[in-house]
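Work the whole structure out from these sequences, hints included.
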Amino acid sequence: KQEVTQIPAALSVPEGENLVLNCSFTDSAIYNLQWFRQDPGKGLTSLLLIQSSQREQTSGRLNASLDKSSGRSTLYIAASQPGDSATYLCAVGYYTGGFKTIFGAGTRLFVKA
Amino acid sequence: EAGVAQSPRYKIIEKRQSVAFWCNPISGHATLYWYQQILGQGPKLLIQFQNNGVVDDSQLPKDRFSAERLKGVDSTLKIQPAKLEDSAVYLCASSPPGLAGRTDTQYFGPGTRLTVL
Numbered sequence: 001k002q003e004v005t006q007i008p009a010a011l012s013v014p015e016g017e018n019l020v021l022n023c024s025f026t027d028s029a030i031y032n033l034q035w036f037r038q039d040p041g042k043g044l045t046s047l048l049l050i051q052s053s054q055r056e057q058t059s060g061r062l063n064a065s066l067d068k069s070s071g072r073s074t075l076y077i078a079a080s081q082p083g084d085s086a087t088y089l090c091a092v093g094y095y096t097g098g099f100k101t102i103f104g105a106g107t108r109l110f111v112k113a
Numbered sequence: 114e115a116g117v118a119q120s121p122r123y124k125i126i127e128k129r130q131s132v133a134f135w136c137n138p139i140s141g142h143a144t145l146y147w148y149q150q151i152l153g154q155g156p157k158l159l160i161q162f163q164n165n166g167v168v169d170d171s172q173l174p175k176d177r178f179s180a181e182r183l184k185g186v187d188s189t190l191k192i193q194p195a196k197l198e199d200s201a202v203y204l205c206a207s208s209p210p211g212l213a214g215r216t217d218t219q220y221f222g223p224g225t226r227l228t229v230l
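Those protein sequences? They're chains P and W, same order as listed. Using my numbering, read the first sequence as starting at 1 and increasing by one per residue. Using my numbering, read the second sequence as starting at 114 and increasing by one per residue.
To be clear, the hints were calculated from the coordinates, so they are not data collected in a lab. By construction, the Cβ of each residue, glycine as well, lies at the ideal position given by its N, Cα and C atoms. Check before you lean on any hint, since a few could be wrong.
What the hints assert, rightly or not - A short list of chain W residues far from chain P (calculated; beta carbon distances all over 12 Å):
{"hint": "1", "residue": "I125"}
{"hint": "2", "residue": "K128"}
{"hint": "3", "residue": "Q150"}
{"hint": "4", "residue": "Q172"}
{"hint": "5", "residue": "K191"}
{"hint": "6", "residue": "D199"}
{"hint": "7", "residue": "S200"}
{"hint": "8", "residue": "L204"}
Unchecked claim - Once the Cα atoms are required to be at most 20 Å apart in a straight line, the calculated PhoX-like pairs of lysine-lysine come out as:
{"hint": "9", "chain 1": "P", "residue 1": "K100", "chain 2": "W", "residue 2": "K175"}
{"hint": "10", "chain 1": "W", "residue 1": "K184", "chain 2": "W", "residue 2": "K196"}
{"hint": "11", "chain 1": "P", "residue 1": "K1", "chain 2": "W", "residue 2": "K191"}
Laid out in structure tokens, this is it:
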């Protein structure tokens, strides 16, 4: 059974710091992995999507890597800003009797000005 | 392009009452999802539609939850009767058509926050 874990559950950093959020999954037979951002009271916004054949994706100050063999993905945020404060969710897409998506519980990030 | 629309945004009901949520996906998106997100947890898939057919409803509590997608566009999710543990945010998402039913990026609506007293 696929399980997704995110560490840490919460993180507080000063503005300008580079940081790494971690996501691990138990079954390496995935189709894709997606990182989302969720602001309080809002829906989810897709940040980066990595297909199983890819190793990483970049968008601005964000870089996500994927290591299927070890069941891990990391989201790297460079030069963090207070506006980056949100919950970051990792979601794994895989096939078992149909396509399924399973989410981690998220990492709550607070960037202090 | 308009995003995924959901209503209402907030709902407070007493236990054992009924409630319904509505979702309008992005135009042309064949796949529609309903998720339940309990505070402090990630979203959990309740039901997935491909056009107007159900692809996956394995985690839908069918004794009290029901969902339909009329004409492959709008969808409604109903809870009858509600329990205290149903308090959560209900998120709707949609995806454009993919190869062999596979899914790529999901686009989420703002969600409906349900409080059951």
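Hints, verified against the model:
no.: 1; hint: I125; verdict: 15 Å, holds
no.: 2; hint: K128; verdict: 24 Å, holds
no.: 3; hint: Q150; verdict: 8 Å, violated
no.: 4; hint: Q172; verdict: 10 Å, violated
no.: 5; hint: K191; verdict: 20 Å, holds
no.: 6; hint: D199; verdict: 19 Å, holds
no.: 7; hint: S200; verdict: 15 Å, holds
no.: 8; hint: L204; verdict: 6 Å, violated
no.: 9; hint: P:K100 to W:K175; verdict: 19 Å, holds
no.: 10; hint: W:K184 to W:K196; verdict: 30 Å, violated
no.: 11; hint: P:K1 to W:K191; verdict: 28 Å, violated
Violated hints, in rising order: 3, 4, 8, 10 and 11; the structure is consistent with all others.
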